[in-house]
Amino acid sequence: MVTIEVMKLKQINYRLYVIVVGCGRVGLEVAARLSYIGFDVTIVEKSPDALSALPEDYGGFTTIGDATERDVLKRAKAEKADLLITTTGDDPTNYFVSLIGSKIFGITNVLSLVRSKENVALFEKSGIRAISPISLTIDTFERSILEGVELATGDGK
Amino acid sequence: MIDVLVVDDERHVRNLLVKMISNAFECTPREVQNAEDALKICEKEKFDLITTDIKLEDIDGIEFIRRLRLRGVFTPILIISAYATPDDIASACRFAPIDYLSKPFTQDELKKKIKGLLEYRKGSFERYLREAEGFIHSNVPGDLDKAEQIVRIMFSIMPSSPTPHYLMGEILEKRGNEELAELHRKAARALDLNERGYNRGDEIETD
Chain A
1 MVTIEVMKLK QINYRLYVIV VGCGRVGLEV AARLSYIGFD VTIVEKSPDA LSALPEDYGG
61 FTTIGDATER DVLKRAKAEK ADLLITTTGD DPTNYFVSLI GSKIFGITNV LSLVRSKENV
121 ALFEKSGIRA ISPISLTIDT FERSILEGVE LATGDGK
Chain B
1 MIDVLVVDDE RHVRNLLVKM ISNAFECTPR EVQNAEDALK ICEKEKFDLI TTDIKLEDID
61 GIEFIRRLRL RGVFTPILII SAYATPDDIA SACRFAPIDY LSKPFTQDEL KKKIKGLLEY
121 RKGSFERYLR EAEGFIHSNV PGDLDKAEQI VRIMFSIMPS SPTPHYLMGE ILEKRGNEEL
181 AELHRKAARA LDLNERGYNR GDEIETD
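As they're listed, the protein sequences go chains A and B. Its first residue numbered 1, the first sequence is counted upward by one per residue in the numbering used here. Its first residue numbered 1, the second sequence is counted upward by one per residue in the numbering used here.
Mixed in with the good hints there might be a few duds.
In silico lysine-lysine, DSS-like type, Cα no more than 30 Å apart, as pairs [claimed, not checked]:
1. Lys186/B with Lys111/B
2. Lys44/B with Lys74/A
3. Lys146/B with Lys74/A
4. Lys19/B with Lys44/B
5. Lys44/B with Lys80/A
6. Lys80/A with Lys19/B
7. Lys74/A with Lys55/B
8. Lys112/B with Lys55/B
9. Lys74/A with Lys115/B
10. Lys46/A with Lys19/B
11. Lys46/B with Lys122/B
12. Lys112/B with Lys122/B
13. Lys174/B with Lys146/B
14. Lys80/A with Lys174/B
15. Lys111/B with Lys55/B
Worth flagging that the hints you see were computed from the coordinates, not collected in a lab. Treat the numbers as computed from the prediction; the structure is a model and nothing was measured.
Start from the sequences, fold in the hints, and give me the full structure.
Shown next as structure tokens:
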């Protein structure tokens with residue numbers, strides 16, 4: 001699915017170099033959209049099979065290997081990256097890769113998927129922007145419920 | 001406007017190269033996924049640039065380049081690979097004009113490499129031109145044959161230039177084959193969009 005935001009970004013024609021770690025459901029979609037916008041994207045993924053799920057029109061690179069190994073990130077040219085996105089299903093892995101990215105390769109912008117809500121604070125303390133699906137879901141629920149209340153009581157008018 | 005052929009077995013890299021090259025040079029590159037198809041296309045069509053991976057489905061990239069050169073195709077080649085060893089690069093260098101770009105790369109890096117190769121091509125074209133002129137106008141027997149060989153290389157490095165046709169016309173005229181000479185002059189005029197004609201020692205137009 002292509003959102004209006006993506007269409008807008010496509011017109012601006014940004015050209016950042018982004019490394020996406022993990023080619024699961026989240027990583028795959030993020031990488032595909034970023035490449036569609038026109039970013040230079042490399043996906044780092046441990047299992048070659050996962051990469052076969054990439055859409056036909058994905059225009060970017062793939063590096064096969066374990067991102068917690070420094071050599072693998074080097075092969076993905078992490079020192080040139082403007083943005084690192086870690087999307088594996090394991091918080092410790094995401095944390096470790098994010099830290100290597102920022103401390104060793106000097107990537108200034110690091111975004112990470114954080115599965116467990118309790119870990120968000122730890123990520124943020126280390127300068128990693130954390131995206132927690134659970135928090136996002138709860139926030140969305142809350143907003144929808146409040147909107148429902150406003151509609152029911154007529155305050156929303 | 002340039003004609004580019006992209007050879008890579010990885011679908012995603014092909015997508016990317018086609019996208020980047022068409023963005024940077026306003027053209028529509030052709031793409032194939034193996035060396036066999038690439039060689040077939042190169043027999044029929046002329047390109048200004050070919051990009052190829054080192055690892056291909058059928059034969060390896062270096063062998064592909066070697067076969068191209070053996071068939072008299074001297075198109076500039078950009079090798080794009082993540083795994084090229086120094087040995088690979090050294091053996092590829094024999095088949096100049098050639099350059100190497102390691103994966104992953106950004107659009108700007110790719111653009112720079114392609115520009116460099118096209119510049120180099122212009123330089124070598126000019127050197128060949130001076131050499132061919134020298135042979136055409138010398139009266140040593142056998143020099144016309146040498147000139148013809150050089151002009152054939154010029155054809156393959158700049159297929160859309162009228163200059164090799166003009167030169168071929170002169171060579172054939174000197175040999176007394178007026179009919180064929182006229183054909184080449186006609187072809188030259190058809191390619192010569194600005195109708196500059198050709199005079200000995202002229203500067204080459206950039207495309």
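Hint numbers not upheld by this structure, sorted from lowest to highest: Violated hints: 1, 2, 3, 5 and 14; rest satisfied.
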